[in-house]
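The letter at position 148 of the sequence shown is residue 148 when you use UniProt numbering, and the numbering goes up by one with no holes.
If you're looking for bench data, these hints aren't it; they were derived computationally from the structure.
Some clues are possibly wrong.
As the list claims (entries may be wrong) - Simulated pairs of lysine-lysine, DSS-like, Cα-Cα distance not exceeding 27 angstroms:
id, residue 1, residue 2
1, 238, 38
2, 38, 272
3, 34, 73
4, 97, 5
5, 194, 260
6, 38, 222
7, 31, 5
8, 238, 272
9, 272, 260
10, 218, 229
What the hints assert, rightly or not - Using C-beta positions, here's what the derived DEER-type ranges look like:
id, residue 1, residue 2, range
11, 125, 33, 41 to 47 angstroms
12, 234, 118, 26 to 32 angstroms
13, 105, 25, 16 to 22 angstroms
14, 104, 234, 41 to 47 angstroms
15, 263, 191, 16 to 22 angstroms
16, 191, 36, 37 to 43 angstroms
17, 147, 25, 42 to 48 angstroms
18, 212, 4, 26 to 32 angstroms
19, 25, 104, 46 to 52 angstroms
All values derive from a computational prediction rather than experimental measurement.
Cβ atoms here follow ideal geometry from the backbone N, Cα and C, with glycine treated the same way.
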Amino acid sequence: MRQAKLEILFLGTAAAEGWPGIFCECEPCRKARKLGGKNIRMRSSVLIGDTCKVDLPPDVYAQMIRGKLDFSKLERLFITHEHSDHFCPSELGYRFKPFAHIDSGRILDVYGNSSVARQLGSAKEVMDKSNIRVHEVKPFEPIDAGEIKALPLPADHSPGALIYIFQTRGRTVLYGHDSGWFPEETWKKIEEFKFDAAILDCTNGPVNMEDRWHMGIKGVIKARDRMLKTGTAGPGTKFIATHFSHNGGLLHNELRREFKPAGIIVAFDGLKIYL
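Model the full structure from these sequences, guided by the hints.
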């Protein structure tokens, strides 16, 4: 019997500076401020189900308020890499009294690379008071996190950056950013799975750049094509582009027009995907 549907909630879908950028007056940022709606993008993060979150950006509090969410219920936090738009560790310092009053003994497991683990380890007293367990993860080593299984893989980004394959409720999800074109060793491992959804990096938008460190529209479509060709994805697989930068220039509806022929979903803040 197929299990209950899995919800993936996109809390933020922007690159490091957000969109509009805090101090930016470029035309795409001016347009986003004027039009609002799906053109306003906070820094990237998703919620998988009710208790698993990927990345902890500096916008996490605003995302919680906007989404009417209760992060006291979080049980697992996976960090892709230590860049400040994805990992704001100071927020974890508010998970103990008097800053937070939560059920005694409720643990938050945080998973990340050696840099993430080192930063949190330097605040061990705070982590202990906060009932936070820190797990240093390594590429290709599976993680058994209870109801969700994860496999970290090398990204094409900063040293040690990771993407993840998540498996829960009978679904398999590729969380593929931040990353340029995946290293071949990563592709080979990806091709051992069959995915229900693939979330891919589109920082460069339509800009004609080599797909290193980040991807753009062409790279996302190329990745989709490879996954379909190798049988890693099928007709029912949902492909979602995210992590957009104002430097790409295209607003939400313009991105949708670019991706429509390929059947790729353009993420926006608040998007819910059901698998």
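Checking each numbered hint in turn, tell me which of them this model violates, lowest number first.
Violated hints (numbers, rising): 3, 4, 7, 12, 13, 18; every other hint is consistent with the structure.
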